[in-house]
Amino acid sequence: MDYFLTEEQNMIVEIARQITDEQIIPNRAELDEKDEFPRKILENMGQADLFGVPIPEEYGGFGGGCLDIVLALEQLGRGCIGVATAFAASALGIYPILISGSEEMKQKHLPAVAAGQKFAAFGLTEANAGSDASGIQTTAELDGNEWVLNGTKQWITNGGEAQIYTIVAITDRSRGARGASMFVVEEGDPGFTCGPKERKMGIRASSTTELIFKDCRIPADRLIGRKGTGFITVMKTLDSSRPGIAALGLGIGQACVDEATTYAKQRIQFDKPIISFQAIQHILADMAIQLEASRALVYSAAKHIDAHPKDMSKVSSMCKVMATDMAMKVSIDAVQVMGGYGYMREYPVEKMMRDAKILQIYEGTNQVQRNVIGQELNKEYSRK
Amino acid sequence: MNIVVCVKQVPDAKDVRLDPETNTLAREGVLSIMNPYDQHAVEEAVRLKEQLGGEVTVLSMGPPQAQDVLKQAISCGADRGVLVSDRAFAGADTWATSYTLAKAVKKLGSFDLIICGKQAIDGDTAQVGPGLAVQLGIPFVTCVQKIREAGETEIIMERMMDDGYDVIAAECPLLLTVVKDINEPRVPSLKGKLKAKKTEIMVFNAEDVGADPAKIGLAGSPTQVVDVFPPPPRGERALLTGSIDEQVEQLVHKIAVYL
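Top line first, the protein sequences correspond to chains A and B. Mind the numbering: the first sequence is residues -9 to 374 in my numbering, read in order. Mind the numbering: the second sequence is residues 732 to 990 in my numbering, read in order.
Pulled out of the complex, with its shape left as it was, chain B reads as follows (with noise of 0.2 Å):
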């Protein structure tokens, strides 16, 4: 089974600052470390490969320095990474990230299975990953929490929901995002880090993916950020105790003052 994992070097959420400036991510100086849920999503897919054989490659757009990432998803496991890194994709949005990687995921050729993280700590959106599905033209199942079956034309897997799973069959090529849940991320081996030392990052620009130019980046992104600031702090707060009548009763006196 050839498996693509899709990852993202994140600001670690230790330490988040927003610059006052621009009202955007503060990223300088910040310690940058792969997206979470992206770490269960190599595991899962290094563990798929050791039962049914294949190979993981693990892709990410970003700037040069997200080679780290890659590099750390082979010392686990993943055998090649390949970074999308171009100027021109800066200030790209879900939609414009999920066309590029698309364009990525053809110029790598067939896969039976990718695999991303439920969504990244720092955007939170979550839609990157059934955007790229959409883009691809292949299912999706999002929050993934348990792969019960997994064959080379089928996969049959718990998807997490509100008030339990629904257990879900779907035909390969696929795309699933993943949750915490679903497995428990291994240390980098010894081997793997060497392995990953010596393993060259294969680094793809706009031109060798053959993306449209009008579609990537900022002038690809329909969605423009207008504005971004911390939430306000929360209002003081107060817990009543007694009765439900004596905590009503307070509540009126307190109410009472802004009447």
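The following block holds chain A by itself, in its conformation from the complex (with noise of 0.2 Å):
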């Protein structure tokens, strides 16, 4: 379907398709087998200004909307989404930066990740706060000039890989959700570490780590935004970043319905190609059907938020648990289409399926994602 692009955002898709096709499908399974962090085709995503697509013109960047990252991604994720969640969890570490950071911490941090120089992560869930964020440990103490963290991040995306990481730490627990602020912490900061790559079933090529605060000290000017503004940062930036999410799903779905259907076109039992069974072509369908309603929720949501409207929440949750639920069933429905060969590791769509199930559970598993919905509608009829 035409979805009436401007000029510029179909020059994003194409650079995004001619990096996924040129450099990452050849080199995806490769990555995937050896657990191998992608840099060298982020350097090249770096050169070719899709790091620079979410910052804006006065910090090196090209200052798109959520569409625009959304196309990208959408490409990006045709290939392969470990890859493009390095891509993707860099933005997300520059998220609060940009929503709640001082002018000083934007010119600072921007350029080189707009770039491609620098990487970013985001530091949130821990082993006791996942789902409920509120569980968070990690402890950040002012002691004169410096604010001293200590607390270990579990799961963090660009882990060992970032030179940014922004970083959710209590400041305050007595005050609840106003006592969480965040910090930017720097590779190389006394103190940090991270822990070794998590081995993960699906989204290998990207890296997966502890952080580690060790009596971790920081100067003052790190804190992003007002203490205590943390949990609100957090809020605002998942918002801004779950419809990327929805484009990895969108990619996913795309790849499985190429894959599925160029294989039903060949292969022959029975003397035909399964394409001409209706079994096989009412999988096919559903698949695209699905996709397609997916794409117009995501790519409607995506327009939607960039006029920053005050239903955000609802919207982007409702198109991230849309478009990764999709990319989860219709990854199954590749291989079942696919039989034995779907299975095997020499076909792609064994891998996607394998990585479409991160899709429903990071960013906010799609059962929060409901709850966000659930609560905003509650909130909605209150008011009528």
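There's no promise every hint is true.
List time: in silico DSS-like cross-link candidates among lysine-lysine, alpha-carbon distance up to 27 Å [unchecked claim]:
hint, chain 1, residue 1, chain 2, residue 2
1, A, Lys304, A, Lys293
2, B, Lys922, A, Lys30
3, B, Lys911, B, Lys780
4, B, Lys838, A, Lys30
5, A, Lys187, A, Lys30
6, A, Lys96, B, Lys926
7, B, Lys911, A, Lys293
8, A, Lys300, A, Lys369
9, A, Lys98, B, Lys745
10, B, Lys922, A, Lys255
11, A, Lys96, B, Lys922
No wet-lab data here; the hints were simulated from the structure.
Two independent chains are provided; combine them into the complex using the hints.
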């Protein structure tokens, strides 16, 4: 379907498509097999200005909106959501600075990220703080002119690979949700180390580690925004980033439709290509319907979010749930259409099915997204 | 360092057909791309500019639609594009093309370096680069696989040979033709694409470059293509197996049939 993209949006799609087709697809199986971080490909994305898409022009970026980043991520996700997750996590890592950071902080960090010279990471999750962010144990205490951080973050994407980390820590436990703050921690800060790479089911090209803070001392000006505004920044960050995860779902969905349909046209059983059988056609048709419906919602949601509406959380959760549940279902269907071949590592849908699962889990599980949508509906209808 | 890169728009090799009537390449409906070797030439020029400063001008001779490859070069970091285009250039062989490009290069003013791809994938002659250098009276080095050191006045480079490579130092102004090993061309950047969209391509005709009408196009081309035909399909082949003696015996039997 034609979504009447602008000329600039088509340029973003072309660039992301070229990198996906020429650099990601030929290398994805090896990156997955070896758990290898795709540094070279990410550097090339930087050179092509893709990291600059969400960053304002005054900081060396392109000043793109939500739909622009969605379009880039959809293409990258069509190749490999492991690689695309490393890219997306860098954008996620700088959103807190973009949303609440000081002018000096933006000047210091954003141009290097826009150019792809530095990667960022976002540190919220802990062993006891997953869906329930109020369980955060990491603390930050002011000692003279320095903050002292203590605690451990878990499952942090781009851990060990990023140079800039935006971290949530408790600055005043007695104040509950208003007691959390966000900080910039940089690679090499004293008392800050990253754990070993986690071994994952999918998205194995991306790096996932613990972040360990042991009397980690950072200058006072590393506080993002005001003290106690950490959770507000986190919520705004996730509202902005969730459509990007939805876009990765679109990418996987498209790749699965492409692979399964191409295979069904070539595979001969009972003297006919299997696509001539209605049983196969109906699976492919359902895959295509769900993909296109998801794409229509994600693109519309992204455009809606660019207008900074009041119901941003609800809309961004809706598109995340729909497109990522679709990706899981469609990748399972693609494996089914391809039968035994689909289950083998020689064909890409096996990896897509493993990869798709994370989309329903990270950046807020799809159950938490439904909570957000439900709570927003409850509020909306209380006002009526 | 001011660099001129010569590029050619060619039919995509994946999609090449001969017109059976005229025996020339059928260009209708065939996707056009920048000659792949030229993409490496543009990349090397942009890298030298990033290292030494200066300006990269991309130059092409061709029909108006060849502007597309000049825009592509700008999106990959070149500064400006110049198209030499005139109906009078039609039918030019490598000699007439070299003459025409030389006229255009002189019109552009001073330069330190000209980089061309080793050859174009449609004609496959590898003659235009050296021809251009001869027309301009400057030295040339073909099949460059690596630039070791580049300064304003001298370039030290590796020339690919069948059995290794030569290390050559040559003074500027100079013309190089490059092979694919020299670099990995970058993907166009978003800022580059936006710049390419805004940049106007300069177009010169035969009169603008001061070309002698007798030396351009078909009239100026000493090479006349008498016939073009697809190579005949190779005959049936068989691989002999067994010991050398057994293979010789099999071969003798096969040859005996024709005696």
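Now for the hints, and whether the structure bears them out:
no. : hint                   : verdict
1   : Lys304/A with Lys293/A : holds (14 Å)
2   : Lys922/B with Lys30/A  : holds (20 Å)
3   : Lys911/B with Lys780/B : holds (19 Å)
4   : Lys838/B with Lys30/A  : violated (41 Å)
5   : Lys187/A with Lys30/A  : holds (19 Å)
6   : Lys96/A with Lys926/B  : holds (26 Å)
7   : Lys911/B with Lys293/A : violated (42 Å)
8   : Lys300/A with Lys369/A : holds (12 Å)
9   : Lys98/A with Lys745/B  : violated (47 Å)
10  : Lys922/B with Lys255/A : violated (40 Å)
11  : Lys96/A with Lys922/B  : holds (21 Å)
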